[in-house]
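S.K.: Taken in sequence, the protein lines are chains A and B. Using UniProt numbering, you'd call the opening residue of the first sequence number 1 and step up by one each time. Using UniProt numbering, you'd call the opening residue of the second sequence number 1 and step up by one each time.
None of these hints come from the bench; they were simulated from the model. From a predicted model like this one, the values you see are computed outputs, not experimental measurements. Any given hint might turn out to be false.
Which copy? The list can't say, so a pair holds if one copy fits it or any two copies do.
[Stated by the list, open to error] Listed below are the simulated DSS-like cross-link pairs for lysine-lysine, each with C-alpha atoms no more than 25 Å apart in a straight line: (1) 386 to 451; (2) 386 to 617; (3) 40 to 149; (4) 451 to 418; (5) 149 to 436; (6) 658 to 149; (7) 451 to 436; (8) 149 to 418; (9) 116 to 687; (10) 543 to 106; (11) 116 to 329; (12) 149 to 106; (13) 687 to 451; (14) 617 to 658; (15) 543 to 617.
There are 2 protein chains.
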Amino acid sequence: MASTTSTTAPGAEGVLQFQPLQSTVDSTFWMELANNKLEKYRLSEEPCTLQGYYTPARSSAVSAPLQLTSTSLALDGDAPSAAPGGPQPYIAWGSLYNVNTLDRFKSFDRERIMAKASEEIWCDIRSGAACANPALLNRFVVYTFADLKRYSFYYWFAFPALVPPAPMRAAQIGSLDAALGADLAAAVVQASESWRGACTDATPAPAWLVWLPGTNRSSEITASPLTDWAALQERDGEVILAFCDPCNLPSNPGWPLRNLLLLAAAQWGSRAVRVVCAREKAGRLDPTFSLMVDAVLPEVPAAWPAAADHPPSQEVEDPAAVPAMAVPKTLGWEVNARGRMGPRCVDLGPTMDPTQLATQAVDLNLKLMRWRVLPELNTEMLAATKCLLLGSGTLGCAVARTLQGWGFRHITMVDNGKVSYSNPVRQSLFEFEDCKNGGRPKAEAAAERLKAIFPGVKAAGEQLHIPMPGHNVSPQEEGAVMRDVARLEELVLEHDAVFMLMDTRESRWLPTVLCAHHEKIGINCALGFDGYVVMRHGHGLSKSTDDVAEGVGEASCSSAPRLGCYFCNDVVAPIDSTRDRTLDQQCTVTRPGLAPIAGALAVELLVTLLHHPQGDKAAADTASSEASPESPLGLVPHQIRGSIAHLNQLLIHGPAFKQCTACSPQVVQEWRTDSQRLVMRACNEPKYLEDLTGLTAMHTEVDSAMEAWGDEDENSDEDDF
Amino acid sequence: MASTTSTTAPGAEGVLQFQPLQSTVDSTFWMELANNKLEKYRLSEEPCTLQGYYTPARSSAVSAPLQLTSTSLALDGDAPSAAPGGPQPYIAWGSLYNVNTLDRFKSFDRERIMAKASEEIWCDIRSGAACANPALLNRFVVYTFADLKRYSFYYWFAFPALVPPAPMRAAQIGSLDAALGADLAAAVVQASESWRGACTDATPAPAWLVWLPGTNRSSEITASPLTDWAALQERDGEVILAFCDPCNLPSNPGWPLRNLLLLAAAQWGSRAVRVVCAREKAGRLDPTFSLMVDAVLPEVPAAWPAAADHPPSQEVEDPAAVPAMAVPKTLGWEVNARGRMGPRCVDLGPTMDPTQLATQAVDLNLKLMRWRVLPELNTEMLAATKCLLLGSGTLGCAVARTLQGWGFRHITMVDNGKVSYSNPVRQSLFEFEDCKNGGRPKAEAAAERLKAIFPGVKAAGEQLHIPMPGHNVSPQEEGAVMRDVARLEELVLEHDAVFMLMDTRESRWLPTVLCAHHEKIGINCALGFDGYVVMRHGHGLSKSTDDVAEGVGEASCSSAPRLGCYFCNDVVAPIDSTRDRTLDQQCTVTRPGLAPIAGALAVELLVTLLHHPQGDKAAADTASSEASPESPLGLVPHQIRGSIAHLNQLLIHGPAFKQCTACSPQVVQEWRTDSQRLVMRACNEPKYLEDLTGLTAMHTEVDSAMEAWGDEDENSDEDDF
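Isolated chain A, as found in the complex (with noise of 0.2 Å):
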């Protein structure tokens, strides 16, 4: 273990000086720490563990800095990606703090993890486990405080090197076939690509030993695990130290070669020895690049103790009393760009794709709810949540916006009308340019403003006339009509929810029955003067032919009455409500604030219906239902009747009429048999709902009853709403 072919002036011993390591992180590893942090970590500032990747130095120009990438995280799943052009590289375990705040990051308490990493590596050494596994060696912290408003990072790394008793020197610093001469280097080289290339973990062994035949010169040169040491000093020959080296510098080792140097002089004892740092160029273990090391160590007491066991510095009474290796001092923290002990900040905002941006502060919002608030809503079930809404005026405006806010993805805009200039000071979605011209179509132009908002929506507009009841369509125009059946039909098919958020009563008809034949949520919303209904529709008729049967109020009896729709409360069919009106009654004289509350209070009720484990078949929640409602964000009510004027709101609920002229078995029954007869009979024939349904007879029935009454109750006009 002499220092056999030393080319060192004597008294040119000096203070061996490592390069530091530098890290690098690619802004992959930024997004999937917000990924994680919004997903995983939410609150927690937990450390968790990274995996950094090394390789040797490939270049004279530039060290190899330690990466972090998008796979650093990943520690469940993938192996990390091979650099482009080399091999595997090398990994260094890493403990990552993600603070919470700004203030946290600050003020973060950086001497305790790098204590923490310390004691664990001299753990490591001291057991022999580093010995085993020499990347133990290579540990390094990085605590970090991301800024997901702003896609702006705060992180600050080490990379623990612990300081042995006296400084280590350098007898001799040269390149390694300098140093063995050309052909004992390509031999030694030789031999480490061997065992490495040999080496069947996941992960090659950053250090390793190299043997070189003492006098008996007719063995081999052989590479092994640090584990031989102790074997390979009973054999004739010299045992030199490898280790990978990232420092590109012709007089001066990296930074991993402190600890391993440490490890020497520790666990075997060595005041000296020979290290080769091997470095690359072209892919291979480069001879001339590579150095050779000759290293003077200090002794290093093997009572030094273990951090943990040992008082801190500040409650010993006299330092002078305390060995110099009590405390085991530890360097290492990177300096920042401008050469400064600090920490670093990149701000991706600038750099991102604006549409991927925004995408990701959308749903910054709602997955903000999840780490406090409301742990159980599931975003990812609202954004594949299929919206059709019938309807693109006041309300329908406000149910899309919402329905953006809550991130839903999928929304589809229907309406027959164009932009007119009284709108966009109601309306959300259009501005004064959408009216000129005769007006865009709303549907389409809703659809435009919802892309303009978030690009990330998919989001339709379709022009298109719903027949209703009672607007007689003559036998030229039935073609037509039933086209827009079809479609009308095709759109509630393709969604999985349907807001019915029309002008008129009758225009709802329609699609109530194609709700309940098709089992799709239907969301009912109208206005008055100064008072809202909002309210959801009883679940829809199964095709089983039991089920069309029962699905009445009164039958289901497993689980809740079946709840009622808009007409269930009609005991007469949906006519015509649109000839002769008066001017205030064409435009939709609402007060102002009006369509976004029901809008909004419309969302709401499908996001709590969503998260309920019964979905539309949930029971009707009442104010009285507040102790524990079913769905983890809030009541899920029928009916929310609200008024502005009084500035309350009651929750009502109905069951499933049987005679209902929309949702009842025997309309959807009538649906499945003949769609065309009963569209085209209730637009022409104005008792024929009532004919079908059985209301007709009802009322013969109650006129009758009545006439034993008198006229009393004459005056039961009732609001449409």
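Using the hints provided, position chain B relative to the given structure of chain A.
M.R.: Here is chain B on its own, set in the frame of chain A:
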């Protein structure tokens, strides 16, 4: 009265044919009608009086039309303006029947209005009123339907002409100078113009008499009113009838002559009369263009009954038994553009200035409210009320949009931030484009969007930082902070209502102080995760010292106790709540439906308050005030607290707190004494506001009291709303 200068060949006597009048309706008339419909008529279909304007024919190429302009409806105001280049026009009086629906228009009983007009004309002839005021002969009727959603106007004019028992015939028709010779014709013209020039009536009579001296030609030709007919008969000479003739044809008189000749036949018993059809060239009556007609009139029985006295024809059993003149048959419905009998329609939408169209359309919905449901609505007052919105985030956007819906026209947005990618889906005035390149300043982007929605709004955006108690201000920053304070005070002064819509509690402190000091309406709005509070601050403290001293809950004697502000429930001064916030605390983690609901309620609260007779001094309504709220718009509570999870709304009220750190007299007085000292100490000295208001003293007392009670009440953490 014999036809002395007849040049007609015998037997050439033909039926006299009259050119119908044509209507021309200025678009300003339709605008005025639209305005009247909204402001005055509303749902009324009562007829109203119109002025139509016409002139003599002024070109041989075209007839002069009957014109309606914006002044046609303004009967209590301006005299009609003269047609360009001509003298005062003649007036025809009309009746306007504006109906409420297109169906009513289509089925309008036009025979009825025609019969009514002809009856009036006949009465005026028989009574002599038409002699005194010949304009009464030119009565017309028009019935209209104004489709104000589309700016389409449907209309049909009639110029009633009573049909005599037998046709009127022309013994002779020719130009005036051909009939009389140039000199005499010139003299007739001269006399007519002199008479007209001397006429002191507001509008000239459209018919007059010209007296030609008989055998003794020494007398001068004179013109005089129709009432001179009998007197002129006594004199030697010839009496000629003259009228303003809008017709341009060389051998036909215009429509106004029909009723005039009927008057001559019925009132004066004339069987033949010479008529000057007075027409103009170059601004003067022209003898070549004007016609002379020798008319032969049928006998008109004096017994021709007024229509009102006559039984309707259908009740007559044998029509042949009724005298021919019994039913005054009337002609005069105008043909439409296609030359058919039928109404006309003008669509002004495409030709109007879009900004003007938008302004009228936006007002439409509001004005419609006054027709039926809310006659007390004062839209002008709302348009004039200036609103300052502090905060342009989720709440700021929601409030601004609802303000626009209510017709507020002055909206100033204030914010200190920039639009970030997560904003547009929840902040309804922003789009994706606003987020790029670091984001546009929010206030500016919001104001611009308000104008894009409705160009008629006066919207401004201002980037301003609002100094906050507990947020330290260094001596170097003091100048800038005080400039912000001064600017905020200016803004508060310039507005009538101040909305506090920020995302921190303490940023509402200074605006609360300023509202109390300047007696501005303060509306406060704050969101939790699924709950909201919307409140109005108590009225401000007037600058008289008394008021300041008494401006607390208990003190007022005459009116209700002054209500509290946002800080009146606090027993500690506001502190910096932004330090060390985690990501979910920095972002608005609220259910997306919350902001539209709370924003809408905040605006509705302001609108209701503004309509309350006591304004911001109105006592707080509670749910039990429901019976008869003093505001026509409903309850004016102090605070509305609601939850989307529980779907309830509570009306809460509380008086101003004597020791309030924001609205109490001590604080307002200190502002008035030294605003800089107040702000700087509030920012830099945590206990200052508590000392100032006496809270510190109160705490000391309470602490002493608590010691006796133990610490049972420790967990008094309260949510931030």
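S.K.: Each hint should be assessed against the structure and marked as holding or not.
M.R.: Against the structure, the hints:
Taking the closest pair of Cα atoms, residue 386 and residue 451 come within 25 Å of each other only inside a single copy of the chain (16 Å); across copies the shortest separation is 33 Å, beyond that limit. In this homomeric assembly, residue 386 and residue 617 come within 25 Å of each other (Cα to Cα) only inside a single copy, at 19 Å, whereas the closest approach across copies is 49 Å. In this homomeric assembly, residue 40 and residue 149 come within 25 Å of each other (Cα to Cα) only inside a single copy, at 18 Å, whereas the closest approach across copies is 54 Å. Taking the shortest Cα distances, residue 451 and residue 418 sit within 25 Å of each other both inside one copy (19 Å) and across copies (21 Å).
For the identical chains of this complex, residue 149 and residue 436 are inter-copy neighbours only, at 14 Å across copies versus 38 Å inside a copy, given an alpha-carbon limit of 25 Å. Taking the shortest Cα distances, residue 658 and residue 149 never come within 25 Å of each other, neither inside one copy (53 Å) nor across copies (40 Å). Taking identical chains as interchangeable, the C-alpha atoms of residue 451 and residue 436 lie at most 25 Å apart whether they share a chain (21 Å) or sit on different chains (15 Å). Proximity of residue 149 to residue 418 under the C-alpha cut-off of 25 Å is restricted to the inter-copy arrangement: shortest distance 11 Å between copies versus 38 Å within a copy.
Taking the shortest alpha-carbon separations for residue 116 and residue 687, neither the intra-copy value of 84 Å nor the inter-copy value of 41 Å comes in at or below 25 Å. Proximity of residue 543 to residue 106 under the C-alpha cut-off of 25 Å is found in neither arrangement, the shortest distances being 63 Å within a copy and 47 Å between copies. Taking identical chains as interchangeable, the C-alpha atoms of residue 116 and residue 329 lie at most 25 Å apart only when both belong to the same chain, with a minimum of 12 Å there against 113 Å between chains. Proximity of residue 149 to residue 106 under the C-alpha cut-off of 25 Å is restricted to the intra-copy arrangement: shortest distance 18 Å within a copy versus 61 Å between copies.
Taking CA atoms no more than 25 Å apart as the test, residue 687 paired with residue 451 passes in neither setting, with 44 Å inside one copy and 50 Å between copies. In the homo-oligomer, the alpha carbons of residue 617 and residue 658 lie at most 25 Å apart inside one protomer (18 Å), although the nearest pairing across protomers, at 53 Å, exceeds that limit. In the homo-oligomer, the alpha carbons of residue 543 and residue 617 lie at most 25 Å apart inside one protomer (16 Å), although the nearest pairing across protomers, at 61 Å, exceeds that limit.
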